[in-house]
Amino acid sequence: MQTVVQQQKRWYEEGHTRSYQFRRDQLLRMKKMIRTFEKPIIEALKFDLNKSEFEAYVSEIALLKSEIDHHLKHLKQWMAPQKVKAPLTHKGSKNLIYKEAYGTVLIIAPWNYPFQLALAPVLGAIAAGNTVIIKPSELTPTVSWVIKKMVEQYFSPNYIAVVEGGKEVTQELMEQPLDYVFFTGSVPVGRKIMEKASKQLIPVTLELGGKSPAIVNKDAAIDLAAKRIVWGKFTNAGQTCIAPDYLLVHHEVKAPLIKAMKKYIHEFYGERPLENPDYVKIVNDQHFDRISSYLDAGTVVSGGSLDEKRQMIEPTILDQVNWSDPVMQEEIFGPILPILAFDHLSEVISQVNSRPKPLALYYFGESEAEQEEIMTSIPFGGGCINDTLYHILNPHLPFGGVGESGMGSYHGQASFDTFTHLKSITKQTTKFDQKFRYPGSSFGLTIIKKVLG
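Anchor point for the sequence shown: position 451 equals 451 in the UniProt record's numbering, and the numbering is continuous, going up by one each time.
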């Protein structure tokens with residue numbers, strides 16, 4: 001670990017990553033690498049998570065290609081020094097913000113979207129001019145192996161390196177003099193990463209999770225809401241950090257919503273989802289046991305079947321749950337959707353705000369006044385009105401959490417900004433000198449009070 005970090009820091013200090021042309025070339029090289037290894041990536045995702053080719057391409061590969069294109073289009077503009085205005089006290093000066101890379105950054109990836117979430121932050125780090133160490137998830141070893149092989153074929157380890165292994169490897173990496181750490185994963189591990197980084201004052205971005213609500217009001221387009229909630233919840237078997245974690249539905253539309261959700265579960269996954277060859281499995285036994293234990297709460301109104309041997313849990317809707325049930329105590333991160341009913345939006349706002357700030361929130365309803373009430377009354381990372389997940393696909397929208405759901409953001413320019421230090425520069429004139437700022441000036445204090453207040 002020490003050798004990798006030292007080599008990268010030395011290579012960075014030699015200035016290899018500074019130019020626009022170099023960064024552009026590396027983004028193009030990254031796109032070529034993804035295109036070349038597309039088939040092995042899809043096969044690895046099938047082996048580790050049973051992802052279908054469609055789901056693997058849409059959620060893991062296409063998003064990366066789109067992100068690269070966005071970076072290529074805007075990179076020169078993002079890199080350019082930014083001119084800013086100045087007060088009268090700075091008359092004659094030029095004031096600029098330079099965009100400077102941090103140096104050597106560590107990106108720690110999760111297992112749920114093991115390819116996309118390993119490389120998406122890398123794009124921002126490359127664009128900003130950093131060197132990168134990638135730590136893939138050990139829970140998806142086949143994908144991790146492919147990432148290592150492809151990066152070794154296309155990039156020098158002085159520039160981009162992949163380090164495989166378990167938590168002991170992450171711990172050892174965190175002991176190194178890194179310049180930035182980007183972590184995607186659970187809240188408990190995020191706390192440990194931040195604690196480790198704080199000992200060296202290393203800045204961090206934490207992309208975590210939490211219990212993200214979907215709220216369905218009585219004026220929602222029920223059939224479309226059901227369709228989009230089922231899609232957002234059960235994509236990747238619910239193993240998505242921004243998946244709707246639980247459903248708050250107005251009691252007047254609860255029955256028709258459940259009926260419509262059942263219809264779309266059958267439409268998307270068949271009458272027997274566990275027999276669907278493209279239905280995603282739970283990543284390992286530990287997570288399977290944790291998620292399946294939630295089935296003891298409430299009443300199963302759809303699904304509920306298990307296949308322990310293949311680590312699969314049917315898309316499941318739970319009714320008659322309450323806030324004290326285990327399923328409502330932590331992020332589910334699996335294909336179980338608990339439902340709670342409400343009478344007034346004020347109840348929803350109070351209930352959600354009494355818990356940690358969620359990473360995402362989804363509101364379904366036609367009243368613009370009530371849409372605005374939800375958007376402005378509940379703190380959360382990001383979300384949608386009358387949809388789920390779709391905000392993450394817009395590169396112009398920064399993605400990130402708040403409070404326990406994370407800190408910092410990325411995607412599009414936000415990715416570039418995350419891995420960039422803004423260096424403020426005042427270029428002072430030598431043609432004249434403002435005497436009021438120096439000791440002994442008879443009018444100095446009067447001028448400063450007038451100009452600065």
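Derived by calculation from the structure, the hints in this document are not laboratory data.
Among the clues, some could well be false.
[What the hints assert, rightly or not] Label-pair ranges, simulated between beta-carbon atoms:
1. L224 x G304: 48 to 58 Å
2. Q329 x Q171: 22 to 32 Å
3. V169 x R437: 50 to 60 Å
4. Y390 x L445: 49 to 59 Å
5. R355 x H16: 38 to 48 Å
6. S354 x I385: 15 to 25 Å
7. N95 x F443: 20 to 30 Å
8. K65 x D278: 17 to 27 Å
Every residue, glycine too, gets a C-beta built ideally from N, C-alpha and C.
How does the Cβ-Cβ distance of Y390 and L445 compare with 49 to 59 Å: does it lie in that range?
57 Å, holds
Is it true that K65 and D278 lie within 17 to 27 Å of each other by Cβ?
22 Å, holds
Between L224 and G304, does the C-beta distance stay in 48 to 58 Å?
25 Å, violated
For the pair R355 and H16, does the Cβ-Cβ distance stay inside 38 to 48 Å?
47 Å, holds
Cβ separation of Q329 and Q171, checked against the hinted range 22 to 32 Å:
28 Å, holds
50 to 60 Å was suggested as the range; check whether the CB atoms of V169 and R437 agree with it.
At 53 Å between Cβs, range holds.
Take the C-beta atom of N95 and the C-beta atom of F443, compute their distance, and say whether it sits inside 20 to 30 Å.
Check passed, 24 Å falls within 20 to 30 Å.
Cβ distance range 15 to 25 Å for S354 and I385, holds or violated:
23 Å, holds
Consistency note: the structure conflicts with earlier hint 1 alone.
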